[in-house]
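In the order they appear, the protein sequences are chains A and B. FYI, in this note's numbering the residues of the first sequence are 416 to 805. FYI, in this note's numbering the residues of the second sequence are 416 to 805.
Check the hints yourself; a few may be wrong.
Which copy is meant is left open, because identical chains are indistinguishable; a pair holds if it fits in one copy or across any two.
Said to hold, decoys possible - Straight-line alpha carbon distances no greater than 16 Å define the calculated EDC-like cross-link-like pairs of lysine to aspartate or glutamate that follow:
no.: 1; residue 1: K751; residue 2: E802
no.: 2; residue 1: K803; residue 2: E462
no.: 3; residue 1: K632; residue 2: E805
no.: 4; residue 1: K419; residue 2: D435
no.: 5; residue 1: K632; residue 2: D442
no.: 6; residue 1: K755; residue 2: D731
no.: 7; residue 1: K546; residue 2: E503
no.: 8; residue 1: K466; residue 2: E683
no.: 9; residue 1: K755; residue 2: E706
These aren't lab readings, by the way, just hints derived from the structure by calculation.
2 protein chains.
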Amino acid sequence: MTNKHGRQFLQIPGPSNVPDRVLRAIDQPTIDHRGPDFQALAFKLLERVKKVFKCSGPVIIYPSSGSGAWEAALVNTLSPGDTVLMVETGEFALLWRNIAVKMGLKVDFIPGDWRQGVDAQVIQEKLAADKNQSIKAVAVVQNETSTGVVSDIAAVRQAIDAENHPALFLVDVISSLGSNDFRHDEWGVDVTIGGSQKGLMLPPGLGFNAISEKAIKASSDATLSRSYWDWNAVIESNRNGFYPYTPATNLLFGLDEALNMLFEEGLENVFSRHARLAEATRCAVGAWGLENLALNSNEFSNSLTAVLLPEGHDADGLRQLILENFDMPLGTGLGKMKGKIFRIGHLGWFNELMLAGTLSGVEMGLALSDIPFNSGGVQAALNYLVEKTE
Amino acid sequence: MTNKHGRQFLQIPGPSNVPDRVLRAIDQPTIDHRGPDFQALAFKLLERVKKVFKCSGPVIIYPSSGSGAWEAALVNTLSPGDTVLMVETGEFALLWRNIAVKMGLKVDFIPGDWRQGVDAQVIQEKLAADKNQSIKAVAVVQNETSTGVVSDIAAVRQAIDAENHPALFLVDVISSLGSNDFRHDEWGVDVTIGGSQKGLMLPPGLGFNAISEKAIKASSDATLSRSYWDWNAVIESNRNGFYPYTPATNLLFGLDEALNMLFEEGLENVFSRHARLAEATRCAVGAWGLENLALNSNEFSNSLTAVLLPEGHDADGLRQLILENFDMPLGTGLGKMKGKIFRIGHLGWFNELMLAGTLSGVEMGLALSDIPFNSGGVQAALNYLVEKTE
């Protein structure tokens with residue numbers, strides 16, 4: 416039986432469910448990207464979007480995926496042969512490492528077990544040992560979409576400051592922006608890398624770089640080749656409310672409406688909603704007797720939960736069963752977690768009843784599989800949500 | 416806390432959730448309703464829609480609510496002072512009675528307790544006693560939206576036939592069409608009254624009369640005043656693919672797409688899906704220790720379930736609490752059931768995970784109220800659905 420009636424529950428950890436309001440905003444005639452209407456939109460958007468990054472400097476918006484925004488962060492700030500310190504938090508940290516290598520950078524890659532976040536202490540030790548300051552940038556992922564583990568960005572900043580090291584600080588917030596607190600300015604981040612398709616509640620297609628004064632300064636000495644990703648050209652054009660090439664106009668209409676929605680709810684309310692729904696998810700996982708891939712409670716993700724299956728059970732088989740019977744896509748295990756975990760996305764435009772449906776789909780899938788588990792996960796989540804409502 | 420993030424669960428017993436495909440079909444430029452594109456659409460639609468009513472005669476489509484379609488059924492077939500036999504199955508039967516009275520008809524209204532369907536035996540007795548055949552029509556509601564009780568339409572037909580009575584047979588299928596089996600031709604119905612906003616998965620705004628040869632014949636003698644509702648004018652225009660006045664063009668675009676969806680799934684699959692989700696709902700209600708307003712299991716509705724609260728508890732207070740905390744509107748108690756029941760809509764574009772979210776909202780609402788209940792209703796529904804999936 417393929418279940419294709421009623422609304423699909425899109426519970427991969429992004430792209431997330433796009434609100435109707437955002438879809439309707441996108442669903443307007445494309446306008447001249449060199450005309451006055453676009454100019455007014457761009458001036459407004461470029462100011463408003465800063466509030467999401469909690470930054471005062473420019474935010475570069477690319478027609479791109481998140482990977483493009485990663486590449487942009489590197490090619491604008493670094494030169495061939497420069498060393499970047501990165502941490503293996505999961506598959507996306509690995510992918511970012513690969514981009515750096517392809518761009519001709521050296522990567523000092525701190526290994527990780529994919530179940531814990533960045534250890535700021537290790538970063539500090541690496542920087543302390545870097546007597547000739549060959550490390551030009553420290554690049555970390557705030558929320559590892561492949562594992563559901565969050566890293567403490569403020570702690571990494573403190574580690575850099577403790578050694579008084581001049582390295583730039585690059586942070587990927589693709590799956591945490593708009594779901595988990597992030598503070599570009601306060602945490603001294605030089606380049607923040609974002610994407611449209613997660614907490615920002617948009618379809619994929621926009622990449623972001625929020626950049627500091629120090630990053631802009633670094634870009635004037637950085638010699639990696641760049642044209643499409645060149646910040647300077649964008650900043651120049653943005654001054655007049657335009658772009659150096661054709662922007663993704665309709666996604667910008669959507670971004671404007673998504674910002675309306677985030678600000679109407681209030682960013683701090685958005686974060687606490689994500690935290691509440693994430694904790695309810697973990698209540699369910701615990702009641703099922705299954706294991707959260709994330710080991711440390713202070714590193715649990717608000718955006719997604721990766722569930723580890725007992726040895727010998729195929730997470731992709733479970734995902735397939737749930738997709739076929741209940742029309743709910745869940746996130747697959749990436750890289751070395753392939754088949755071992757499935758990931759529940761609980762980010763973006765999401766609420767209690769959507770979560771209850773989501774967890775019910777997982778629980779029914781488990782019941783239809785031969786995976787050992789205890790029923791009552793949904794009930795545990797509902798109990799928690801009731802407690803949080805009173 | 417007002418919960419206004421994420422998708423609203425619209426679980427009143429209609430208007431039901433409108434599929435995105437239908438919304439997108441409606442969201443097209445209005446066309447000339449006297450032009451060739453409209454003509455092609457109308458020819459196609461007027462044939463295709465018959466399949467839903469299981470009829471071979473014409474289906475009149477009005478820009479109207481269901482009440483308009485009721486009035487149309489009466490004014491096209493009856494004359495001032497005619498007697499109509501009706502049955503008090505609930506609030507909607509009462510409303511239909513009121514329309515008949517306003518139109519100058521006499522109503523023989525068989526009283527009911529709102530918890531049981533039409534008793535065909537009583538109909539037969541009434542017709543047997545009607546020696547001079549003053550009863551010109553028998554009018555019943557297949558699915559009482561106010562109570563969640565279904566009546567056996569074939570049994571009423573048999574009662575009429577058993578007495579060889581010439582009365583016309585009028586049936587309201589507003590909240591059963593596309594959710595529960597209905598057979599206009601096979602069950603010898605003369606006028607079937609439908610609406611767009613329930614199992615047909617459209618917004619409100621279209622009323623339907625499916626009509627038999629006998630009904631058309633009756634209309635030529637019927638002397639109740641009519642202009643807007645006049646079948647004849649519509650049938651004449653429809654022959655050329657047009658309407659005698661401006662039709663609700665964009666809702667007709669939507670109807671075309673809704674029919675695509677119903678036929679892709681297959682009508683019998685649509686009915687069994689509704690039956691499965693309705694039974695899961697009743698599993699939850701039973702596990703909560705609450706009472707289904709419908710008394711007889713052969714009369715349980717596939718479209719909605721009306722839940723009776725223990726004496727002294729206010730169903731509207733519970734509905735309000737659920738709306739405020741979980742953004743889910745449920746159906747209010749109508750007429751004499753005001754405050755005593757709430758109604759869960761489980762019809763139209765709906766699936767297992769939407770139902771799980773719906774029932775979770777009810778269970779959390781109960782937990783937040785002072786209404787005595789047992790938890791575990793959602794779990795009971797999931798268990799049933801898993802069993803039905805295997």
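Against the structure, the hints:
no.	hint	result
1	K751 to E802	neither (37 Å within a copy, 34 Å between copies)
2	K803 to E462	neither (35 Å within a copy, 53 Å between copies)
3	K632 to E805	neither (51 Å within a copy, 63 Å between copies)
4	K419 to D435	between (20 Å within a copy, 13 Å between copies)
5	K632 to D442	neither (39 Å within a copy, 49 Å between copies)
6	K755 to D731	within (8 Å within a copy, 47 Å between copies)
7	K546 to E503	neither (23 Å within a copy, 90 Å between copies)
8	K466 to E683	within (12 Å within a copy, 52 Å between copies)
9	K755 to E706	within (11 Å within a copy, 44 Å between copies)
This entry does not satisfy hints 1, 2, 3, 5, 7, going by the numbered hints stated previously.
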